[in-house]
Amino acid sequence: MNALDTTTPIGATLALLPELLLTGWSLVVLLVVAWRHEGERDSRFAGWLSFAGILLSLAAVLGMWHGDWHSEGIAHMVALDSFRYASATLILLLAGASTLLSLRYLGRQRLLAPEYYPLILFATIGMLVMAAATDLILIFLGLEVMSVAVYVLSGFDRYRRSSAEAALKYFLIGAFASSFLLYGIALIWGATGQTNLSLIAAQLAGGAPTMASLGLGLLLIGFGFKVSAVPFHMWAPDVYDGAPTPVTGFMATGVKAAAFVALVRVLDQGFIAQAHQWQPVIGVLAVATILVGNITALAQESLKRMLAYSSVAHAGYLLVAAWPGTAFGSGAVLFYLAAYCVTTLASFGILAAIEHVGSRTVLIDDLEGLFSKRPWGATSLAVCLLSLLGFPGTFGFVGKWYIISSVLREGSWILPVAVAVGSLISIGYYLPVITAMTFKPERTIDAHRQVAFSRAGKAIVAMAVLLILLFGVWPTALLNSAVRSARTLAPQAVVTEVP
Amino acid sequence: MAEIELVLRHFLASIGYAHWILHVLLILPLVGAVGLLLSPGSWARWFTLVVAALEFGLALGLWFAFDPTNGGIQFETTIAWIPGWGISYHVGLDGISLFMVLLATGMMPLLVWGSWHSIQNRRRGYYALLLALKAAMVGVFISLDLFLFYCFWELLLIPMYFLIGVWGSANRLYAATKFVIYTFAGSILMLVAIIAMVWLVGRSTGTYSFDYDHLLSNSAALGPAAPWLFTAFALAFAVKVPLFPFHTWLPDAHTEAPTAGSVDLAVILLKMGTYGFLRFAIPFFPAFALSKTVSAIFVTLAVAGIIYAALVSMVQPDLKRLVAYSSVSHLGFVMLGIWGSTVESVQGAIMVMLSHGISTGCLFFLIGMLYDRRHTRQIADFGGLARVAPLMATAFVITAFASIGLPGLNGFVGEFLVLLGSFGRYPLAVTLAATVVIFAAWYLLWAVQRVFFNPMTNPENRTMRDVDLRELAVLFPLVFSMVWMGIYPQPFLRRTEAASRRYVEMVRPYLPPPANAAAAGAAAAVVEARP
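So the protein lines, in turn, are chains A and B. Residue 202 in numbering that gives the first Met the number 0 sits at position 203 of the first sequence, and the numbers go up by one each step. Residue 250 in numbering that gives the first Met the number 0 sits at position 251 of the second sequence, and the numbers go up by one each step.
Treat the hints as calculated values from the structure; they're not laboratory data. A hint or two may mislead.
A few chain A residues that don't get close to chain B, going by computed Cβ distances all over 12 Å [to be verified]: (1) G10; (2) A33; (3) E300.
Derived lysine-lysine pairs resembling DSBU-like cross-links, with alpha carbons at most 35 Å apart [stated by the list, open to error]: (4) B:K177 <-> A:K372; (5) A:K439 <-> A:K372; (6) B:K177 <-> A:K439; (7) B:K291 <-> B:K177.
None of the values given here were measured: they were computed from a predicted structure. Don't be surprised by glycine CBs; every beta carbon is placed ideally from N, CA and C.
The following block holds chain A by itself, in its conformation from the complex:
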């Protein structure tokens, strides 16, 4: 009933419904802001308009998921499976939350400009395409749409030098990474004559020629840049630090989520027969990322930079989850992505509320005494940090437990220990923040007076904290859903001969 033939125009259109809806909507938003871009009011209107579009697209995704739309035969270009729907849901929720967090922030930091919300929507479209694509070319297309929008967004604060520096750095390195990716795709095409993941898997089932392995290696490097895996992480802290805080939250979560789901799809669907070749690479990247990310985070004084390095470390945990290449492992990627994204976005949301107008570096010491002035904000941040640390009773703990389980199942001992050691190191930088907020007295009488949560920001943070605690205690439904979704990733049997 709900089977779509993605080779027909109607089938392909329906398969891309959420992306197309959002594209149409973002053009409308673009038109609207071209007419009305006077003050904060107009900017907020555009924000709410974008939010409505995101909800529309989300409804489409959920409808497709609920209706169990799937493709006849192998999926050409676009996947129609639960893995895509689950990742698209996550991405859209992140985009919606980032939009709401920006509403007040832009006005407060004098960043009013009409193109902000359309750019967020464009980036979201790119992410959705990445999550949906089963073809290397389409993955690249999605990646570029997303990246170009995010380059601009990270340089959005044009009055600050560091923001411009972030944008330029991100752009140069991102372009570099894209070229790696593209060259990898070209080599794989040269070796197999295919760009569709299932067809590549069919071609490589008997073993990969050197050219294909080389292509896969380049592909991994490209993805490594995008997910900020060590040693390709150098850009991340500077870019995260320089970008406006809601954008940083969006980058640290959405971009990472999209890159990871695309990476998992490529590895599990296209190159599962080559697992013995890419597993050592992923393993080494993971361990290096966990160690370097966590150790460097120890030395940070700025909260934002600390969160940036911690997000590098979390990319390492996610790589560990990607290592097994099983449904269980990919489910762990999805689950941990959800845990990490909810927590990180909430942290950046709180940070955005704490930031003063003008000076945008919040040092960890600046948080001293926050609890006595802002008990709810401080408690929320503490819950987020405990979740990132992986404390029992939080979303993050269940995620880490799931990752360790999925890797131990495949018989690796080093990776779980690396995750454990990484968590141990991370207590060294999460705990001082909590200590500063609760144990130390505020420095000046009017400290924290400028802390201003918008109503939408409050709602987002409160919701995220509730989710963190809820899924920390009752994760069953989400765990099962993650595994079920990941199971749809298995390479599809190619029945017909390739035309």
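Given the coordinates of chain A, work out where chain B should sit on it, guided by the hints.
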């Protein structure tokens, strides 16, 4: 007496006590903590006192409802929590955990009384944390699912961290951070070990489950991984005990914590480590844990801890630090008893855990009272207090004697049983440990002399108040139970015997033959002679 017990047991059975009591003990403090945060701050103390008294009153039923002849798990309940992932809410009690739960809940009202005046700021938060801490403690001792156990084990850190960090004394920040980092470092590898165990057992049996019984009955499937897994478990527990080289967090945490925090640390937290060895680490990996080399390492560390801590205690200028180090010494006896692996030594270990909780808890209360009056804990600042505070001096002297292990008080029973039960296996270690009891007498009595009896050189001490009624209400139950347990330990021993016997029978096949067969024979003869 026996009749009353019988009537009570029937009454408890008629209200289905065994089915709901553990859940109530777990949930009541949590509900109390939430209720406390929502109620006005001026109610905080009375509210907590009512919750604590209710909790203890309910827990007291365990004493009667517990069947001493049954060495297995009682009051057992299993509810699926994360089905499909082999995680359940599985709780129960046996003779080992019974007293830990009673101790934890029994201390509760005393803790509230003890902090009645000494905590002035942020009372609501303080008492809410105290209640949350209690829930986590009860959870640790009743969990029979390793996932559940790990959750409670870690959750306990948060309230303790804030209790030390917010309400502690001068150097509290350092102490709180050190405490958390040490414990977290110890336990994070345990998480990996738990998951690895579940996976290894699951692979060989086909059932992936975190259930204690399932893992225990299939622990043979762990095979060559056992040494690694045991090391991870042992590290987590050794830090908590604290076993000799891992003990450095303890004096800091004890000293800087507020009185109630120190008492909770001494009474319950330290027991979690030894409990972990008895419940998890050794039963899961008996062949490795009780092998010659590993036993030698642990017994050596235990004896080293006993001696080292006694020597260090002697030179402490700070009264609280002195008592803190004495804990390391006492817990060394527990470890020795556990590795002694006879019914006597294991029962002795449980008794030492219990009596250390009571006597050291009482000492910390007394030191807290001294501190409330004089705002110092330096031994040198006191002297001749017995003249102005005779009641306090009496309590302190009795408690010190109990801590030393004077016959007729509770400390003696446990230590004696440990030494008796372990002698056959470790004659040298036991001889050394027994000798060190002299040091314990030395440092504690010397401290008592300097605080209570030397001439009163400091004029500030002249006006010090004796204990008031509230403080007496804290001290009396503790001193009373010291005497009771010392004179008539039978009700306690009766309840621990079956569980200890079951434990010893479980590990006996894995014990290497004792080093000194003749000594073992002698010890066995003593064992047989006992009724």
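Q. Do the alpha carbons of B:K177 and A:K372 lie within 35 Å of each other, as the hint requires?
A. 27 Å, holds
(Q) Can you confirm whether the C-alpha distance between A:K439 and A:K372 stays at or below 35 Å? (A) Distance ~12 Å between A:K439 and A:K372 Cα, so the pair holds.
Q: Taking the shortest Cβ-to-Cβ distance between A:A33 and chain B, state whether it exceeds 12 Å.
A: 51 Å, holds
**Q.** Verdict on A:E300 as a residue remote from chain B, using beta-carbon distances over 12 Å
**A.** 17 Å, holds
Q | Pair hint outcome, B:K177 versus A:K439 [Cα-Cα no greater than 35 Å] | A | Holds, because 17 Å separates the two Cα atoms, which is no more than 35 Å.
Q) Is B:K291 within 35 Å of B:K177, Cα to Cα? A) 33 Å, holds
(Q) If I take the minimum Cβ distance from A:G10 to any residue of chain B, is it greater than 12 Å? (A) 35 Å, holds
Of the hints listed earlier, there is not a single one the structure fails to meet.
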